[in-house]
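Chains as they are written, first to last, in the numbering used here: chain D, 3 to 348; chain Y, 3 to 348; chain W, 3 to 348; chain G, 3 to 348.
These are computed hints drawn from the structure, not numbers from a lab. The beta carbon of each residue, even a glycine, is placed where N, CA and C say it ideally should be.
So the derived list for chain D, only partly shown, Cβ under 8 Å to chain W, looks like this:
1. Tyr14
2. Ser184
3. Gly201
4. Thr282
5. Gln285
6. Thr342
7. Ala343
8. Thr344
9. Ala345
10. Val346
11. Tyr347
Protein chains: 4
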Amino acid sequence: MVKAAIRGGAGYTGGELVRLLLGHPEVEMVGISSRSHAGLPLGKAWPQFRGYSHLVFAEGEPLRAAEKAEVVFLAMGQGEAMELVPRLVEEGKKIIDLGPDFRFRDPGTYTEWYGKPHTCPDLTTGAAYGLPELWRTEIKDAKIVGNPGCYPTAALLALAPLAAAGLIDPETIVIDAKSGYSGAGRQPVEGYQFAEAFGDFRAYGLPRHRHLPEIEGGLARFFGREIKVTFIPHLVPMARGIFLTAVAELTRPCTTEEVLGIMARFYPGEPFVHVLDEKTLPQTKAVLGTNYVQLGARVDPRTGRVVVMAVLDNLGKGAAGQAVQNMNLLFGLEETAGLTATAVYP
Amino acid sequence: MVKAAIRGGAGYTGGELVRLLLGHPEVEMVGISSRSHAGLPLGKAWPQFRGYSHLVFAEGEPLRAAEKAEVVFLAMGQGEAMELVPRLVEEGKKIIDLGPDFRFRDPGTYTEWYGKPHTCPDLTTGAAYGLPELWRTEIKDAKIVGNPGCYPTAALLALAPLAAAGLIDPETIVIDAKSGYSGAGRQPVEGYQFAEAFGDFRAYGLPRHRHLPEIEGGLARFFGREIKVTFIPHLVPMARGIFLTAVAELTRPCTTEEVLGIMARFYPGEPFVHVLDEKTLPQTKAVLGTNYVQLGARVDPRTGRVVVMAVLDNLGKGAAGQAVQNMNLLFGLEETAGLTATAVYP
Amino acid sequence: MVKAAIRGGAGYTGGELVRLLLGHPEVEMVGISSRSHAGLPLGKAWPQFRGYSHLVFAEGEPLRAAEKAEVVFLAMGQGEAMELVPRLVEEGKKIIDLGPDFRFRDPGTYTEWYGKPHTCPDLTTGAAYGLPELWRTEIKDAKIVGNPGCYPTAALLALAPLAAAGLIDPETIVIDAKSGYSGAGRQPVEGYQFAEAFGDFRAYGLPRHRHLPEIEGGLARFFGREIKVTFIPHLVPMARGIFLTAVAELTRPCTTEEVLGIMARFYPGEPFVHVLDEKTLPQTKAVLGTNYVQLGARVDPRTGRVVVMAVLDNLGKGAAGQAVQNMNLLFGLEETAGLTATAVYP
Amino acid sequence: MVKAAIRGGAGYTGGELVRLLLGHPEVEMVGISSRSHAGLPLGKAWPQFRGYSHLVFAEGEPLRAAEKAEVVFLAMGQGEAMELVPRLVEEGKKIIDLGPDFRFRDPGTYTEWYGKPHTCPDLTTGAAYGLPELWRTEIKDAKIVGNPGCYPTAALLALAPLAAAGLIDPETIVIDAKSGYSGAGRQPVEGYQFAEAFGDFRAYGLPRHRHLPEIEGGLARFFGREIKVTFIPHLVPMARGIFLTAVAELTRPCTTEEVLGIMARFYPGEPFVHVLDEKTLPQTKAVLGTNYVQLGARVDPRTGRVVVMAVLDNLGKGAAGQAVQNMNLLFGLEETAGLTATAVYP
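Required output: the full structure, derived from the provided sequences and hints.
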């Protein structure tokens, strides 16, 4: 049994981690902590665990909960993980950070987009970017995994096959993304109150969302050169789910069937990535609460463009699910362990 | 044109008042203020008025916006209106208070349920309880109107006909009420964030909700004696609307048709109260955004009980709509002026 | 491995059964069929299984899919199961029927409430009513389990402790229940279209809902005599979940703490029933997608009544989850096998 | 008073027309009919009119309800209006068709996209395309108005200013649109049932949605040449509202402020079009139930593209609201008559 701890267990990604780790056949939860809930039982933060678990949020200094752990999940705000990671590394623990602090090999990128210097640049250079379907081998031996953002996970899984095949023009990529409100975090905000958001669809974060460098950096590895994309995030009145619609010009005429074939062959045997057939379009609820991704595509012969679509659960494959997948890799477990549940539908 | 001002224009009832008063053919809005938005244009508080209105929230002391007004609407937290009302009375203005401060003739009731002494008990004794369908004549000549709570409006309109007819046993009344989240106010709260409340149904405020004394006090006038009811409020994942289900034992055998007939005859020609037929059950969206109430009833011959149902919009007939109706009465306008729009459906 | 088959796999309870059985560690799905989807792959009926499962809905006569099964789940409309069950019994298979056909020991009750004669009255007399927390021993040796309705499961688990303790007056029980739309089935209906139901709360099925005889019959066993209750179902704009609010007069003065204590002691060690403390009220999303039930209660000392609340997932503990729990009992498996996942929240 | 009739009054656009016309100060409703509701009172089709209106759906042949009308609104399926219009023209009535039959001057376009020959090609050639902010003068003297589709209204209002200014490259336009479910009509469909669509976001209609020729044809008039765009529609779990996000390459460097200035100056004094400032992004609920459009824009200097956004209510400015605006123009009424209500928010 892998001994695991969570720091930041009262936010949405933290809560999803608890759910997945408590249900994981090879994991023992040895600690949890949260600035806001120190000393309180898990059920005070999360109604779904009332009566089910007797875990208590640790009191005392931030890493107390991690003492007995082999792997520590950090589900904290940006800039907080890098304060804790050096000591955890020193203590020989594996670290999976769900925030942005360890997603960039170049600490300069972090500083440019998050507005502050990185406090342990050596460590971020050595961290793995935890997107197993694209860079599995880099993850297996890592000490630190920078778990990808939800939008980058969707964008990279959707576009990597066509980028690798040279089928799309990198100068023409436009990404229109739609997320449920859990992606905005648990902190109360007037505009995210139920009565305000209910039945409302809106854009936000234009035109410089912080997930851009992850998307552009990841795609650059497949195109073999730096690229820039337009990225337009929106909020959908639903609790969970990302629907990502990417459009680009084809470099040669191509049918929908060919594009879907290229995508499917790019992910042979991948347990968590499913390419839909040409009669089926993705929908977010098909992957609700899971680590699965469904991909679709349509060629628009009138304009010579292709539309690629990805759906995932922003807290699942977009955060906690992928973090557990990375943990499975780090510890040599079956990669799908604890992650095979299908969506709660309808 | 009646000159009207609003104090508390950045909360949900305040915003609904703005909407209704701007659309009212006989009203001129002469001022608006809000603690949180002093000096800002209306569109900073309300997206629906962007580009539409050039109103600005007044700066300076709380009553500055009311200077030119003949009628002042107070849409504030409990205990705040009674601080302002004496001066407004002195200045000869009519007052419609949408909070609880002037709903009780007996200031002791206010103190018992709201936990603080009333600072102008003489004024509350003389205020009218603004539920026109039940006590219209009291309202017309009032200087101060205590605008009823949303649940009491629904409960009293639903039960008054049967109470007046002696058809239900006052010892047996159970009220199960369901409200949309706008009823909980605009202040951000973790549990009312979109992601938390979406797809969730819950109870709250048990067993001593502050609307109880209004409900019991109002029904007492029809039963001719003091009564106690059980009142159970719930929150529904929708922005607006109240569905109130009341159950009581019949004092004599009766059919659904008879009950509906008694209810319909109790409200002859009332423009805002519609009693549905025996094939139709109420639904909240039928009255969304309006000042209308729809009532239904079913006799359960197996148990000798009657189920009475009311739907209204908690911000409409349950707050701002009724406040405008009261203003129409105070100023001798057509009672339906500015209030005849039907629901936005679906 | 228990070999299981489903008849009626394209409706909501059928889909939930597939989800649970595919994730069950001790079950092998050997067949599935559906009148509407014969010959089609599972993913045509259910987006959540696309790419995940290669099951195909059987063609041919209705029981073809059940040929290799030891246990057959029937998720069909009323009156359809009783046509198939005699042959399944003959073939020695265990049967779990999720419809109403085998819920009543007295075939006359079935006829009275469902309007047609029972075609195999002998079999229904011998069937077990599958509510394990109340009648576990009856289930273990049954050949046929009549899986309870969603509302009766909630009502009986909520009220049985107080009925058994003689704490509530059986003449005074009023049940106000609220359900998500999946409870209404998958058949398209104009009033259940998204645009109509979204943001709408409504009552339905008054005053003679077909779940009444199950509720009254079950409670009668605890009260030791026949009873009648008032039951008022409503539809909530959410996909899943039941919130049941029951009110009754106490037979003696009692505190909330005492009531909760009695309820908790009634379910000692029950893995799926959690009684909340006096600071916590139930909410449906705490049990979304699970087999758990959360119970709450509040005494209203002003009226001498108690309010008891239950939340469950109508497709989980209210249907497919409970069916799997019953299967576990029938085959001597761990009762919680395949059912320990907690709610997807938020 | 203008005498108006509706054919197709039981669908969503028909219901919205009823709402607007009943509230219009200069209109008298003289007839309504619907294939599905002949002979029934309005309240059987629409809960919001129960107790409010005594209108009855006409029986008999389709145009019976139109006998006394000066203007007839047709809210029918494609291909149905062109069967009725010749006779209405002959009788001297003005016609506003909310379907696609009279939106194209070239009947060949109709045939190409709707798959059937036009039965009165002469009449469609002479019909006006009813988008007043762009082609007001053409509408005033028309006998037949082809009322625009909801997506084209949003797309054309958003992009016309930049197309007219030569600021965007017509070869690079990508439109990602999102609509509430009322846009899909009232006909029951399994996938649009509440339980299926709730909390789900999906794409549909790719890559050849029937609104494309309206969008491309309209833009062609501003670019001065034929163009092709990529159009990707999605369904949002809300009842009403369209959010349209259009992206294009700028033909010269430009700031967000400049773009917004150009847009605002393109619509001087337009009562229904509001261009938001550079700190505000559009949201659909700001225009719920209204005839208003809010426009926003952001330049992405990293890629040289501009993002233009429009929100409107698909049943309001996207259908019935615009139809009433067109009627006002046809009869020389104040263009805003009956259309000044602001959004029901929250």
